[in-house]
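Taking the hints into account, I'd like the entire structure generated from these sequences.
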Amino acid sequence: NAGVMQNPRHLVRRRGQEARLRCSPMKGHSHVYWYRQLPEEGLKFMVYLQKENIIDESGMPKERFSAEFPKEGPSILRIQQVVRGDSAAYFCASSPTSEKLFFGSGTQLSVL
Amino acid sequence: QQQVKQSPQSLIVQKGGISIINCAYENTAFDYFPWYQQFPGKGPALLIAIRPDVSEKKEGRFTISFNKSAKQFSLHIMDSQPGDSATYFCAAKGVWDYKLSFGAGTTVTVRA
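Chains as they are written, first to last, in my numbering: chain A, 1 to 112; chain B, 1001 to 1112.
Derived by calculation from the structure, the hints in this document are not laboratory data. Values in this document were obtained by computation on a predicted structure and should not be read as measured data. Don't take each hint at face value.
[To be verified] Coverage of chain B stretches by chain A, computed from C-beta distances (three or more under 8 Å per stretch; other residues unrestricted): (1) 1039-1047; (2) 1063-1076.
[What the hints assert, rightly or not] Now the in silico label distances, taken between C-beta atoms and shown as ranges: (3) B:I1020 with A:E68: 36 to 46 Å; (4) A:G59 with B:F1039: 33 to 43 Å; (5) A:I76 with B:N1022: 29 to 39 Å; (6) B:Q1014 with A:E18: 47 to 57 Å; (7) A:G59 with B:P1008: 35 to 45 Å; (8) B:I1020 with A:E52: 25 to 35 Å; (9) B:A1029 with A:G3: 22 to 32 Å.
Ideal Cβ positions, reconstructed from N, Cα and C, are used throughout, including at glycine.
In structure tokens form, the structure reads like this:
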């Protein structure tokens, strides 16, 4: 059973471009979470999704950020018109129960 | 605001020594307290977890101590090894919630 797969591992964007981060959860996991990690700030919750539904997006900025988890295919975190402050490591986690989280290796986003 | 406060930010311990990381919380509705271990370039991985009905849980060299009245819990790494060098995160979740709130992390360095 493969782990949580995230791609790309590294993503470089210029200010104003769009960033698309992908996450394939572990087989059988219907709960997907996105977290953002900044140095010395730990992991900040962004959004929680189940198939085709956003359950909780309270940690995600209202503007420029969106997430989806379609019936088929990976979960996508989209950041439009990126700014330098969006530079961070973005982690996806999946879970069968919403308790024990399995994390991917993350996408390091760098905004030039 | 940080729902789980973690200290210290970093610590250095000699091989064979004991590493101790502390976390404190305010929300009495929290009922699940995991610890995650993260190596550079990797996502966090669940290390050990505890619920408030027990005061201590041990798995190998890792022990969680839980003090419900003080709203504190700690991770002890006994006989620390260089391979334990990593960042450790405490977290908490309420029975009514489906997302983990993480502490800011502690970077542990074990010197040979």
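Results for each hint:
no. : hint                           : result
1   : 1039-1047                      : holds (count 6)
2   : 1063-1076                      : violated (count 0)
3   : B:I1020 with A:E68: 36 to 46 Å : holds, 42 Å
4   : A:G59 with B:F1039: 33 to 43 Å : violated, 25 Å
5   : A:I76 with B:N1022: 29 to 39 Å : holds, 38 Å
6   : B:Q1014 with A:E18: 47 to 57 Å : holds, 48 Å
7   : A:G59 with B:P1008: 35 to 45 Å : violated, 26 Å
8   : B:I1020 with A:E52: 25 to 35 Å : violated, 44 Å
9   : B:A1029 with A:G3: 22 to 32 Å  : holds, 31 Å
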